[in-house]
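**Student:** Chains as they are written, first to last, in the numbering used here: chain D, 1 to 466; chain V, 1001 to 1293.
Simulated from the structure, these hints should not be mistaken for laboratory data. Glycine included, each C-beta is placed from N, C-alpha and C at the ideal position. No false leads were mixed into what you were given.
Sample of chain V residues at the chain D side, in silico, Cβ under 10 Å:
{"id": "1", "residue": "R1135"}
{"id": "2", "residue": "Y1155"}
{"id": "3", "residue": "A1156"}
{"id": "4", "residue": "T1238"}
{"id": "5", "residue": "A1239"}
{"id": "6", "residue": "Q1255"}
{"id": "7", "residue": "A1257"}
The calculated EDC-like cross-link candidates involving lysine to aspartate or glutamate, where the alpha carbons are at most 16 Å apart (straight line), are:
{"id": "8", "chain 1": "D", "residue 1": "K286", "chain 2": "V", "residue 2": "D1136"}
{"id": "9", "chain 1": "V", "residue 1": "K1259", "chain 2": "D", "residue 2": "D92"}
{"id": "10", "chain 1": "V", "residue 1": "K1259", "chain 2": "D", "residue 2": "D93"}
{"id": "11", "chain 1": "V", "residue 1": "K1259", "chain 2": "D", "residue 2": "D94"}
{"id": "12", "chain 1": "D", "residue 1": "K56", "chain 2": "D", "residue 2": "D92"}
{"id": "13", "chain 1": "V", "residue 1": "K1259", "chain 2": "D", "residue 2": "D421"}
{"id": "14", "chain 1": "D", "residue 1": "K285", "chain 2": "V", "residue 2": "D1136"}
{"id": "15", "chain 1": "D", "residue 1": "K56", "chain 2": "D", "residue 2": "D116"}
Quick partial rundown of chain V residues pointing at chain D, CB under 10 Å, derived from the structure:
{"id": "16", "residue": "S1045"}
{"id": "17", "residue": "G1046"}
{"id": "18", "residue": "R1047"}
{"id": "19", "residue": "S1134"}
{"id": "20", "residue": "D1152"}
{"id": "21", "residue": "G1240"}
{"id": "22", "residue": "G1241"}
{"id": "23", "residue": "S1243"}
{"id": "24", "residue": "N1244"}
{"id": "25", "residue": "K1259"}
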Amino acid sequence: MHRPAKIDPAKKSPAKVGAAKLVVALLSAAALLATAACSAQQPAAENRTLKIVYQKTDSFSALDTLFKDAKKDFEAANQGTTVELQPIEANDDDYGTKLALALRSAETAPDVFYEDTFKVRSDVDAGYLLKLDSYLEKWDDWKTFNEAAKAAGTGDDGGIYAVPLGTDTRAIWYNKKVLQKAGIAVPWQPRSWDDILDAARKMKAADPELVPFNMYAGKATGEGTVMQSFYELLYGTDAELYDQQEKKWVVGSQGFTDSLAFLKTLYDEKLAVAPAEALDANVWKKVFGEWLPQGKMGATVEGSYTPSFWQKGGSYEWAGYTEDMGVARFPTQRGQEPGGVSMSGGWTLAVGADSKNPDLAFKFLTEAMNKKNSLSFTVASSQIAVRTDVASEPDYLAANPFVKDVSELVSVTHYRPATADYPRISAAVQVATEAVITGTLSPQAAAEQYDKTVRDQVGEAKVLQK
Amino acid sequence: MPARKSVRRQLRLLPVVPSVLLILLFLAAPVLWSFHASFTNAALSGRNARSPAWTGLENYTRLLSDAAFPASVVLTMVFVVASAIVGQNLLGLLIAGLMTRARKTVSAVVGTAVVAAWVLPEIVAAFAAYAYFSRDGTLNQLLGGAGLAGADWLYAFPMVAVVLANIWRGTAFSMLVYRAALADVPRDISEAALMDGAAGWQRLVFITLPLIRSSIATNLMLVTLQTLAVFTLIWVMTAGGPSNASTTLPVLAYQEAFKFGDIGYGTAIASVLIVLGLVFGIGYVRLLKGDRR
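Let the sequences and hints guide you as you build the complete structure.
**Tutor:** Below, the structure is given as structure tokens:
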């Protein structure tokens, strides 16, 4: 038997024990002082500061512009108020993490922040968001928001906690020239999954170097994998991810396996990008920046915000996109009703539950989302308008040639089941797609593994076996 | 013992108080917090975000039934053994040994080249390694130039890529430690052995290595603990993928805590990592103590 090793080689003499006590005493005193100093902060009554947290990236600066404009106007109209803008430069995942960390403590929580619709419910559960019902009653502009958008900011208790900035849909974006070269007539509208495969095979035959039809897969592209790929497939089968009535996650559905099998076909026949490229988190930059503009890709499934990358001031400016690109709705599996599938998400603005100046914070929110700001933001970031007065503006309708097409997809769109369990379920779906496209598991086995993960994660009570 | 003497002794410790204070505040406090959180269902969002409940050993029992966990422990050990204990350590010793014999200019050039990787901030080194191993990266271009077919290194051999990257980045530290240690080996002992007819390898095994034994132990301890905690390098290069094929414990802990918002579970993984570090630490301390016997 070995004796437990002593990490401290020094033997303790009584004097040293005394010294240790002294150190501990000093430490506790210092710690007390430090906490006292921290809690002494009080908001000064006359000089109020609002802290605004939002996302800003190289390819997404529309929100930064919006808040800078709103700050100028708001500070001018409200003397003695300082609006402190704190943009976070990060991708969606990391932004969400940083925001959640800031929200955990009242000391660091922002007054107004940019919040993903699918996090609203779990953040309401956490007590991070202020209930806005009483404020919205007095805000006339609220009546101009469409009903679907209002629902996006609703918590489980039916109260409204966030005001949507815009929404989006997903569609097939295709390069007309590439399709025409393969002898496919444009405008192209596939009616079923087989139509997609037929067209992709034709393109491949015409040019083996081409990526005919890309759909994301794997963990690296995160929510992109599910929102811009897997759910278009799954919601076009007779299955669904989550049963809204029963409030249970669906497992064991044929549609799930079929959707995985479709992805497998795309990747196995090299109709999509190589698996190694699909698993690179930066793959979407190549899709927008290189492959589609250079005619090396036939089509991809992407969001309605796609033109924002190509239009003037976007990160991959491409003047020719209005001519070269076309948009089609993603078909259902066998062409069954309603004949198309889309997914919607979108972002909101919310007020922190710990805001020391909630009235002022909401006032700033209304400033940021007035008609003028909403219009310029919606156009700059190629969003689908949620305010009816913005939606009817000529500037909005003329922003790019695809506004009408992608806006119509709202009629066939679906929303993610934004429960607190959702991020894990989404991750399990991503893992399943990754296993299938890399050939690690068959679609059947990957679906079984998904079912098991879901049962483990949410518990038997929240699972619906099909 | 006279009281005054003891007071004076206590006062003598005063200068270390600030550093102890800082260590406790920035090192011990987070560790303790992490241990505490691992026994709760603390979360980033949802009902348990602000008022986590005590769940006892639930996170740890979940670890045992989670298939990703043992795989991750194995990958962590592979990463530590291959890139730190074997890679950085042996390569550092080898380079240091060769440098004592090499010409001054050669050793200066080699030294600079090795230390350059170490001087880079971790995030920069990680991007450099990513750019080297990625599909259109430097390595494949070099291979292509030589007429060889490359591979998708980060996809097909993710562990090999991160191990090599970590060796590249960390060898400088071992090299510096061993250069100092070898410089301290008295020449006369080595020469005496030479006179007695000891071959080169015999002098290395029976003279040099025993003499620098404490440096070896110290170096092993430091590179092991550093490598156990490597996160940025792996996260930037492979993000733990493909399909968890390079998910070491720090990456797994990050995913659970921040991607899935399960802070309790993530800190449980972090706690296992701390224990793993302690086991290594204790092992090396014993090696060091054995040295003084």
